[in-house]
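Participant: Sequence:
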Amino acid sequence: MCNSATTTTTNAGLHSQWRDGSARHGQAQDGFGLVEVLVTLVLLSVGLLGLAALQGQSQRTTYSAYLRSQAAVLAYDMLDLMRSNRTVATASSYDLTSTSASCTSAAGVTALLCDWRTRLGNLPNASGRVRYDSVTRIITVEVSWDDSRAGGGAHESLTVQTQL
Numbered sequence: 004m005c006n007s008a009t010t011t012t013t014n015a016g017l018h019s020q021w022r023d024g025s026a027r028h029g030q031a032q033d034g035f036g037l038v039e040v041l042v043t044l045v046l047l048s049v050g051l052l053g054l055a056a057l058q059g060q061s062q063r064t065t066y067s068a069y070l071r072s073q074a075a076v077l078a079y080d081m082l083d084l085m086r087s088n089r090t091v092a093t094a095s096s097y098d099l100t101s102t103s104a105s106c107t108s109a110a111g112v113t114a115l116l117c118d119w120r121t122r123l124g125n126l127p128n129a130s131g132r133v134r135y136d137s138v139t140r141i142i143t144v145e146v147s148w149d150d151s152r153a154g155g156g157a158h159e160s161l162t163v164q165t166q167l
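Heads up: the sequence shown begins at 4 in the numbering used here, then just goes up one per residue.
It is worth saying that the hints were derived from the structure and are not from the lab.
Glycine included, C-beta positions come from ideal geometry on N, C-alpha and C.
Nothing false has been slipped in among the hints.
Computed beta-carbon distance windows for the label pairs:
1. Ala55 <-> Pro127: 19 to 29 angstroms
2. Gly59 <-> Val163: 23 to 33 angstroms
3. Ala114 <-> His158: 24 to 34 angstroms
Taking the hints into account, I'd like the entire structure generated from these sequences.
Facilitator: Set out below in structure tokens:
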């Protein structure tokens, strides 16, 4: 007896029919099952949620880096102001311990300090301090700001020292 098969197509799909009359369904699976689609959707959802969390963390870190770079610009700007006018700087005229002093009708060094304090106000809850030690001739500029929005500590600070 020969086992050759004839293939016929029905609405249910392909199947083989043997000469002895028995039907045998094909071995290949047609399409995706519902379980595979659901597993794929769950994996895709988890991946997209992870990507969204990564994007949010990236934005917070970028903002923190922006604030730190602005603080560095302010600190080095103050050092440049002091270097450009060494005689006044060595007289401790640039010493600044509070950012709340009045800046109305200021002139000279006071105007420069008021301008620096105004730019310091661009950082959230910022404060600045400038000190000159006449013995060691070291200038210390400290800029502090609130970095809680970026997920860091409540307060960050940047301190720059140089010898005049």
